[in-house]
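Every letter in the sequence shown is one number past the one before it in this note's numbering, and letter 145, counting from 1, is 811.
Note that these hints are calculated values from the structure, not bench results.
Distance ranges between label pairs, derived from CB positions:
no.: 1; residue 1: L762; residue 2: L843; range: 16 to 22 Å
no.: 2; residue 1: L847; residue 2: A745; range: 22 to 28 Å
no.: 3; residue 1: A745; residue 2: P688; range: 51 to 57 Å
no.: 4; residue 1: T778; residue 2: L843; range: 18 to 24 Å
no.: 5; residue 1: Q695; residue 2: L833; range: 53 to 59 Å
no.: 6; residue 1: D708; residue 2: A751; range: 30 to 36 Å
no.: 7; residue 1: E772; residue 2: I711; range: 16 to 22 Å
no.: 8; residue 1: L843; residue 2: A745; range: 21 to 27 Å
no.: 9; residue 1: D795; residue 2: R768; range: 31 to 37 Å
no.: 10; residue 1: S770; residue 2: L847; range: 16 to 22 Å
no.: 11; residue 1: L791; residue 2: A820; range: 40 to 46 Å
A virtual CB, placed ideally from N, CA and C, is assigned to each residue, including glycine.
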Amino acid sequence: MIKIIMLILSLVYVSHIFALEPLAEEELQQILGQGGVYLSGDITINETGGPLNDVSDVSNPPIWQQNCSVTSTNKRCGARIAVNAGDGANSGWLVLDNIRGRFSFEGMTLKTRVIDTGFGGDGVLFDSDVLEIGLPNTISYSNVSFTLANSSKARPTDVGFNQTDILNVKIDGDVTLRGNLLLFPTGNP
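All chains, please: the whole structure from these sequences, using the hints.
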């Protein structure tokens with residue numbers, strides 16, 4: 667029992683030795699630091715595909731009541747992103763369709779930096795902050811697939827829907843990235 671008490675008392679004394687101490691303003695000005703964010707991620711999109719509804723609900727249209735298991739070859743089971751950059755519903759849609767799979771990365775960084783030199787002399791004229799995205803060393807893909815398509819409507823359930831698949835992509839493996847991506851601001855804040 668005495669050993670335990672002695673151990674506790676010695677730990678209390680040691681904590682005072684390693685306690686944080688305030689810094690004077692002059693000392694603080696001599697310390698250099700870096701700001702930024704270090705990101706890692708593991709994202710799974712529609713791993714087993716399929717609509718997020720109950721197939722036993724008879725009020726749902728039959729187009730959504732499909733087999734979307736991992737082994738399914740159904741082309742309408744993944745997530746869908748439709749973008750209309752034209753004059754509304756009459757101009758057609760650019761679609762990423764049947765998006766499935768798992769993406770993971772480690773070590774992407776975000777920080778700001780000043781560009782005041784380089785870039786063939788343009789850095790001096792720019793003399794401003796940019797957002798620097800440090801690319802992760804490796805991005806891993808597992809069973810990633812998607813279809814790039816052109817569609818007449820945003821949703822497959824819309825009347826008059828017609829879609830032309832342009833490109834089908836399937837990725838398994840790792841991609842190595844090196845370097846930084848700089849985003850330059852434009853316009854007035």
